[in-house]
Structure formats: C-alpha cells, structure tokens
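Trainee: One letter stands for each residue in the lines below.
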Amino acid sequence: RKEVEQDPGPFNVPEGATVAFNCTYSNSASQSFFWYRQDCRKEPKLLMSVYSSGNEDGRFTAQLNRASQYISLLIRDSKLSDSATYLCVVNGPQGSGNTPLVFGKGTRLSVIA
Amino acid sequence: DAGITQSPRYKITETGRQVTLMCHQTWSHSYMFWYRQDLGHGLRLIYYSAAADITDKGEVPDGYVVSRSKTENFPLTLESATRSQTSVYFCASSRDRGYNEQFFGPGTRLTVL
Numbered sequence: 016r017k018e019v020e021q022d023p024g025p026f027n028v029p030e031g032a033t034v035a036f037n038c039t040y041s042n043s044a045s046q047s048f049f050w051y052r053q054d055c056r057k058e059p060k061l062l063m064s065v066y067s068s069g070n071e072d073g074r075f076t077a078q079l080n081r082a083s084q085y086i087s088l089l090i091r092d093s094k095l096s097d098s099a100t101y102l103c104v105v106n107g108p109q110g111s112g113n114t115p116l117v118f119g120k121g122t123r124l125s126v127i128a
Numbered sequence: 045d046a047g048i049t050q051s052p053r054y055k056i057t058e059t060g061r062q063v064t065l066m067c068h069q070t071w072s073h074s075y076m077f078w079y080r081q082d083l084g085h086g087l088r089l090i091y092y093s094a095a096a097d098i099t100d101k102g103e104v105p106d107g108y109v110v111s112r113s114k115t116e117n118f119p120l121t122l123e124s125a126t127r128s129q130t131s132v133y134f135c136a137s138s139r140d141r142g143y144n145e146q147f148f149g150p151g152t153r154l155t156v157l
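Taken in order, these protein sequences are the chains called A and B.
For the first sequence, the working numbering assigns the number 16 to the initial residue and increments by one for each residue that follows.
For the second sequence, the working numbering assigns the number 45 to the initial residue and increments by one for each residue that follows.
Isolated chain A (complex conformation) (with noise of 0.2 angstroms):
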C-alpha cells in the first residue's frame, strides 16, 4: 500500500457545486494530517491543517478517520479560483531516510463556468 493515496482526478464541476476529496494514508502512527494546493506551474501552499474533531475554514472542511486512516476535504459552493490541484499530506515514519511528510500525488479540480 502507498503511503499517501489520492483519486488524481480530474474533478470538473460546475461553479456553485460542492465536491469532496479522500486521501488514505498506511502509517497508523501518523499525527500531523494537511491539505496543500498547488496551482499550475506554481508552489504548493498550506491550505488548512486536519485536527482530529474536524475543522473548518470558510467554504473548507477537512476531517480525519484515524480507525479507516483517511482524511476528506470538501470544498462548497466552488469557485472558478479553486481550479487547481489538491495535495494530501501526512507525516511518515520516523527514522534516517524516510521523509518527515510525504505528499500524495494531487487531485486536480476544474471548477468550470
């Protein structure tokens, strides 16, 4: 099992549509859960961090299943400047050469008019 799995996509929908994305990630001991969004040709950037109760940030919820180790983040109301792609990460396993967060590969939104 990979690390750190997403559906690539792409989602089109239409503006004014809520879309959801799942991540599943294999390392039970994992503790640190974000969401980074990465426009084309451009840096990844925080969009939100996952807590455990689940958090919310404007039109943004994120929520975490430790038991199914996944993570969601639902996007309502979706505009045409959430087009981008959408990366999942979580911290891997301790220890020399593994990587402190490993980063899905990205699902990509097309929010269309």
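Keep in mind that the hints are not guaranteed to be accurate.
[Said to hold, decoys possible] Result set (SDA-like, lysine to any residue): computed pairs, CA atoms no more than 25 angstroms apart in a straight line:
{"id": "1", "chain 1": "A", "residue 1": "Lys57", "chain 2": "B", "residue 2": "Val156"}
{"id": "2", "chain 1": "A", "residue 1": "Lys120", "chain 2": "B", "residue 2": "Asp106"}
{"id": "3", "chain 1": "A", "residue 1": "Lys120", "chain 2": "B", "residue 2": "Leu83"}
{"id": "4", "chain 1": "A", "residue 1": "Lys57", "chain 2": "B", "residue 2": "Gln129"}
{"id": "5", "chain 1": "B", "residue 1": "Lys101", "chain 2": "A", "residue 2": "Ser41"}
{"id": "6", "chain 1": "A", "residue 1": "Lys57", "chain 2": "B", "residue 2": "Trp71"}
{"id": "7", "chain 1": "A", "residue 1": "Lys60", "chain 2": "B", "residue 2": "His73"}
{"id": "8", "chain 1": "A", "residue 1": "Lys120", "chain 2": "B", "residue 2": "Pro150"}
{"id": "9", "chain 1": "A", "residue 1": "Lys60", "chain 2": "B", "residue 2": "His68"}
{"id": "10", "chain 1": "A", "residue 1": "Lys120", "chain 2": "B", "residue 2": "Ser113"}
{"id": "11", "chain 1": "A", "residue 1": "Lys57", "chain 2": "B", "residue 2": "Lys55"}
{"id": "12", "chain 1": "A", "residue 1": "Lys57", "chain 2": "B", "residue 2": "Ser113"}
{"id": "13", "chain 1": "A", "residue 1": "Lys120", "chain 2": "B", "residue 2": "Glu145"}
{"id": "14", "chain 1": "A", "residue 1": "Lys120", "chain 2": "B", "residue 2": "Val156"}
{"id": "15", "chain 1": "A", "residue 1": "Lys60", "chain 2": "B", "residue 2": "Arg141"}
{"id": "16", "chain 1": "A", "residue 1": "Lys120", "chain 2": "A", "residue 2": "Ala82"}
{"id": "17", "chain 1": "A", "residue 1": "Lys17", "chain 2": "B", "residue 2": "Gln129"}
{"id": "18", "chain 1": "B", "residue 1": "Lys101", "chain 2": "A", "residue 2": "Glu20"}
Hints are computed from structural coordinates only; laboratory data are not their basis.
Assemble chain B onto chain A, guided by the hints.
Mentor: For chain B alone, coordinates are given in the frame of chain A:
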C-alpha cells in the same frame, strides 16, 4: 517579508556540468528541505536538514549534494548533471519539528540537455 526564495528560477545546463541551486529563508526555521517534482511522481524528497551542519537523505538523494553552513541557506548541488535530473526543484522550510507544516519557495525549473 521575503520568506523563502530560490535562485535561479530557470536554468538550462548540459549533461556533466555541475549546477548549484540556492535556497534562502528569512524565518529562522530549523528545518529545510529539497524536493523534486515530476509528472507522475508528485513531490519526492531529495535531502533535508534539521539544523546547521545536520543533513539527512530523503527518498531520492543519488546524484545530489547538500550543505548547510548557515541556518538560512540550504544549497543543492548536482555534481554531474544528467538528463534524468531535468525537473522542477522546490525548497521548503518548517519550524521546530520536521512534522510541522512546510512552506515552499517558488521553485527552480532545471533542464539538462
């Protein structure tokens, strides 16, 4: 507030040449990272550093050398560039533990002919 900067932003070189990519951060973050991003692979960690004079290998370190004599700088050197090292290189930093959120520079697009 400069944050994290990379130079050059674009570089074309030839096989066998030595190339150094620069990364500078103004936040006094302890941790710094180098990633490469290629289609189909997502972000892959090359090297990281927990503090000045402390570096560790990531997932794909072969062909790369790093140093960290000062907290704010983390240069990445390709000692003898190969075509397979054509990629987009991102530098990132994080405060304190390596599992905190990371903040990325704008990237360097490197082409090896």
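Trainee: With reference to the structure, classify each hint as holding or not holding.
Mentor: Structure-based check of each hint:
1. At roughly 20 angstroms between alpha-carbon atoms, A:Lys57 and B:Val156 fall within 25 angstroms of each other, so this suggested pair holds.
2. The straight-line distance between the Cα atoms of A:Lys120 and B:Asp106 is roughly 21 angstroms, inside the 25 angstroms bound, and the hint therefore holds.
3. A threshold of 25 angstroms between alpha carbons decides the hint, and for A:Lys120 with B:Leu83 the separation of about 9 angstroms falls inside it, so the pair holds.
4. Our distance criterion of 25 angstroms between C-alpha atoms is met by A:Lys57 and B:Gln129, whose separation comes to about 19 angstroms.
5. This hinted pair checks out: B:Lys101 and A:Ser41 have alpha carbons roughly 21 angstroms apart, not beyond 25 angstroms.
6. Between A:Lys57 and B:Trp71 the CA atoms are separated by roughly 21 angstroms; this keeps the pair inside 25 angstroms, and the hint holds.
7. A hinted pair counts as satisfied when its Cα atoms are at most 25 angstroms apart, and A:Lys60 with B:His73 qualifies at roughly 17 angstroms.
8. With a CA separation close to 18 angstroms, the supplied pair A:Lys120 and B:Pro150 stays within the 25 angstroms bound.
9. Between A:Lys60 and B:His68, the direct Cα distance comes to roughly 17 angstroms. Compliance with the 25 angstroms bound is thereby established for this hinted pair.
10. Between A:Lys120 and B:Ser113, the direct Cα distance comes to roughly 32 angstroms. Violation of the 25 angstroms bound is thereby established for this hinted pair.
11. Between the alpha carbons of A:Lys57 and B:Lys55 the distance comes to roughly 16 angstroms, so the proposed pair stays at or under 25 angstroms and holds.
12. Under the criterion of a C-alpha separation no larger than 25 angstroms, the hint pairing A:Lys57 with B:Ser113 is inconsistent with the structure, at around 28 angstroms.
13. The suggested pairing of A:Lys120 with B:Glu145 holds, with an alpha-carbon distance near 17 angstroms, which does not exceed 25 angstroms.
14. For the given pair, A:Lys120 sits about 24 angstroms from B:Val156 by alpha-carbon distance, which is consistent with the 25 angstroms threshold.
15. Between A:Lys60 and B:Arg141 the CA atoms are separated by roughly 19 angstroms; this keeps the pair inside 25 angstroms, and the hint holds.
16. Distance restraint check for A:Lys120 and A:Ala82: the Cα-Cα separation of roughly 23 angstroms lies within the 25 angstroms cut-off, and the hinted pair is therefore satisfied.
17. Proximity of A:Lys17 to B:Gln129 is assessed by CA-CA distance (about 24 angstroms); at most 25 angstroms being required, the pair is judged to hold.
18. About 23 angstroms separates the Cα atoms of B:Lys101 and A:Glu20, which keeps this hinted pair within 25 angstroms; it holds.
Taken one by one, the earlier hints fail for this structure at numbers 10, 12, listed in ascending order.
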